[in-house]
Amino acid sequence: MRASLRTRLQTRLRTKTAILIAVLAGLHFVLLFAGFFAPYDPTTQNRELPFAPPTRLHFADDSGFHWRPFVYAWTSAPASDQGDSYKEDRGREYPVHFFVNGPSYKVLGVYEATLHLFGVAEPGELLLFGADGYGRDEFSRVLFGGQISVAAGITATFITLLAGSILGIIAGYYGRWIDESLMGVTELFLSLPWLYFLLGVRAFLPLHLSTMRTFFLLTGVIGLIGWARPARMVRGMVLSSRNRNYVLAARGFGGSDFYLLWRHVLPDVFGLLLTQAALLIPRYIAAEVTLSFFGLGVSEPVPSWGNMLSTLQQYSVLVSYGWLLAPAGAVVVTSVLYSSLSDVIHSRLESH
Amino acid sequence: MSYIARRLVRAILLLLGVSALCFLFTEMAPGSFFDEMRLNPQISPETIAALHSRYGLDQPLPVRYGRWMKSALHADLGYSIAYNAPVAELLWSRAKNTLLLTTTGLLLTWMISVPLGVWAANRRGGLLDKTVTLASSFLVSVPELVIAVALLAVAVRWRILRVGGMMSADFESLSTPAKLQDVLLHLALPATILVLCETAVIVRHVRASVLEVLGAPYVQAARGFGISEARLLFRHVLPVAANPAISLLGFSLAGLLSGSLMVEVVCGWPGLGPLILEATLSRDLYLVIGGIMFSALFMVGGNLVADVVLLAVDPRIRREGADAR
Numbered sequence: 010m011r012a013s014l015r016t017r018l019q020t021r022l023r024t025k026t027a028i029l030i031a032v033l034a035g036l037h038f039v040l041l042f043a044g045f046f047a048p049y050d051p052t053t054q055n056r057e058l059p060f061a062p063p064t065r066l067h068f069a070d071d072s073g074f075h076w077r078p079f080v081y082a083w084t085s086a087p088a089s090d091q092g093d094s095y096k097e098d099r100g101r102e103y104p105v106h107f108f109v110n111g112p113s114y115k116v117l118g119v120y121e122a123t124l125h126l127f128g129v130a131e132p133g134e135l136l137l138f139g140a141d142g143y144g145r146d147e148f149s150r151v152l153f154g155g156q157i158s159v160a161a162g163i164t165a166t167f168i169t170l171l172a173g174s175i176l177g178i179i180a181g182y183y184g185r186w187i188d189e190s191l192m193g194v195t196e197l198f199l200s201l202p203w204l205y206f207l208l209g210v211r212a213f214l215p216l217h218l219s220t221m222r223t224f225f226l227l228t229g230v231i232g233l234i235g236w237a238r239p240a241r242m243v244r245g246m247v248l249s250s251r252n253r254n255y256v257l258a259a260r261g262f263g264g265s266d267f268y269l270l271w272r273h274v275l276p277d278v279f280g281l282l283l284t285q286a287a288l289l290i291p292r293y294i295a296a297e298v299t300l301s302f303f304g305l306g307v308s309e310p311v312p313s314w315g316n317m318l319s320t321l322q323q324y325s326v327l328v329s330y331g332w333l334l335a336p337a338g339a340v341v342v343t344s345v346l347y348s349s350l351s352d353v354i355h356s357r358l359e360s361h
Numbered sequence: 002m003s004y005i006a007r008r009l010v011r012a013i014l015l016l017l018g019v020s021a022l023c024f025l026f027t028e029m030a031p032g033s034f035f036d037e038m039r040l041n042p043q044i045s046p047e048t049i050a051a052l053h054s055r056y057g058l059d060q061p062l063p064v065r066y067g068r069w070m071k072s073a074l075h076a077d078l079g080y081s082i083a084y085n086a087p088v089a090e091l092l093w094s095r096a097k098n099t100l101l102l103t104t105t106g107l108l109l110t111w112m113i114s115v116p117l118g119v120w121a122a123n124r125r126g127g128l129l130d131k132t133v134t135l136a137s138s139f140l141v142s143v144p145e146l147v148i149a150v151a152l153l154a155v156a157v158r159w160r161i162l163r164v165g166g167m168m169s170a171d172f173e174s175l176s177t178p179a180k181l182q183d184v185l186l187h188l189a190l191p192a193t194i195l196v197l198c199e200t201a202v203i204v205r206h207v208r209a210s211v212l213e214v215l216g217a218p219y220v221q222a223a224r225g226f227g228i229s230e231a232r233l234l235f236r237h238v239l240p241v242a243a244n245p246a247i248s249l250l251g252f253s254l255a256g257l258l259s260g261s262l263m264v265e266v267v268c269g270w271p272g273l274g275p276l277i278l279e280a281t282l283s284r285d286l287y288l289v290i291g292g293i294m295f296s297a298l299f300m301v302g303g304n305l306v307a308d309v310v311l312l313a314v315d316p317r318i319r320r321e322g323a324d325a326r
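Residue numbers (the working numbering), protein chains in the order written: chain A, 10 to 361; chain B, 2 to 326.
Across the chosen pairs, the derived CB separations fall in these ranges: (1) B:Glu279 <-> A:Val326: 18 to 26 Å; (2) A:Glu196 <-> B:Pro245: 12 to 20 Å; (3) A:Lys25 <-> B:Glu28: 43 to 51 Å; (4) A:Ile28 <-> B:Ala76: 53 to 61 Å; (5) A:Leu22 <-> B:Glu279: 45 to 53 Å; (6) A:Val116 <-> B:Ala50: 50 to 58 Å; (7) A:Gly35 <-> B:Leu282: 32 to 40 Å; (8) B:Ala50 <-> A:Val342: 51 to 59 Å; (9) B:Glu28 <-> A:Val116: 42 to 50 Å; (10) A:Asn252 <-> B:Ala50: 57 to 65 Å; (11) A:Arg15 <-> B:Ala313: 38 to 46 Å.
Simulated from the structure, these hints should not be mistaken for laboratory data.
Quantities reported herein were computed from a predicted structural model and do not represent experimental measurements.
Backbone N, C-alpha and C define an ideal beta-carbon position, used for all residues, glycine too.
Turn these sequences into a full structure, and let the hints steer you where they fit.
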């Protein structure tokens, strides 16, 4: 009876993990091929459409219902008052087409391409999430911004886990003074409020750099600040697995330190690292978003979820142009997906 | 007593370590505050060199660190280059506001999350428990910045609370009670954001540690004796469950300070946050170091308070202290 309940729970967990991983994979796929899924270039400005609201998709006009949705172009009415300064120009319909040619972009940063998933004919604009202050398409910017923010989260997590597990393994395996001094340093890193620390370290680094260098600097700083907690966890794992009988036996048979670590200790640590990764990625995405929001991260015109949100620091923008909260929505979706994944992995490891 | 002494030594070591780390970073950093000045043709290289030596930047690292340490012991944290004023004064004038915000946030957080956590644990699987668990796990996974911006949008949109700064423009002309009310109305939004973010974290821990205790045999025995539910929970269960929760206080303090920095910037609360951010952007060396030291001091102080509280409520630690002697 109990056994069947347990297997049922495990099956449910497995399905849940599969669904979450599939959804996350889909999300990353869309972000990775943002150029294809986004109808516009994220940096192209349209000075005629600053703060244009999201384009409405229509299915019906005077001649009846159409299966293919169409849109009307925005015309800026003379600004009477804020909010309602755009009107739909009902004179001409722009049907939405799929697999159209549009602005050129690079696939994975290498291949030139012009194919887009959807779009409308030229003078028409399809702004799914509206436009920002420079008339740039918010939807395209959310996709391209996600590339930077999510990649920053993943890279920083990788750095943290690499540094954390190397130092944790060293501390746990060699013990004694190495262990004590390393754990002293982790205490130092853990005792500082991370945002103060992050700002502090950022203060000593150059402010204006190319996007690439800023990106690596940022991920490096975020990643290196967080190494202490995983290092402590890994150390605990290593300490407990070091004295397991099979490890002692392998040592008795003459296994070298490296062999023992690689063959016997590391597999134990792996599950822990996986949970930590799912936990850390959203946190580091948030760190990147916060820093870019403050103007310390990737800078304009390259979009990231953080610097897109920073226009909302003006109250007038925050109040009038609600669609500019779209990157916040993207951050929430990504974070919730990742943390559910970490919960699921955690309970799966526990149930074993 | 020796327990407290050990904690104190650890705290001092931590502060030393943090300051050493800060100076190490400054040494590794390429460039400085004067980089922008160098681009200006009207400022001669000699002037910049003179400024360099005036702020002691031409000295080697150990000398600078030694000097800084010596003056820091007299509560002098050096001179801000951008403000041209003593760092300690600048920080202190802002730190008061950060303290107001964080202590309000801290008190409210614990006042809300302890009863809520205990209650949710006691009615495990009930409607309230499910709501609390779901809401907290959602709030934990959403970045604090997003929560802050969203709440700010709500507050600005519907003009619920006063936003921006700490006082209204006509603050000076108000009577004392009106002044107090004005500050409180300004405090409400940043405090709410902070409390929302922190409560989500802490309520889960309180719930978990109470749940663990509720399974103990003595609780069942007490139930069998017919003790009232409230007395059982708050007199017999909570003190036992308090230990992990109070140890958490120390860790939560770090989160609180980081959260407060972000909230201050978003809401325009004139605390340490905007000051440190500005110092970071202008690379105002000693101000940044001072700010980090201040935050470390808060942390260490808060941890010490947590330790003392722990000593007061947990007899096991008192005994451990006695054994050590």
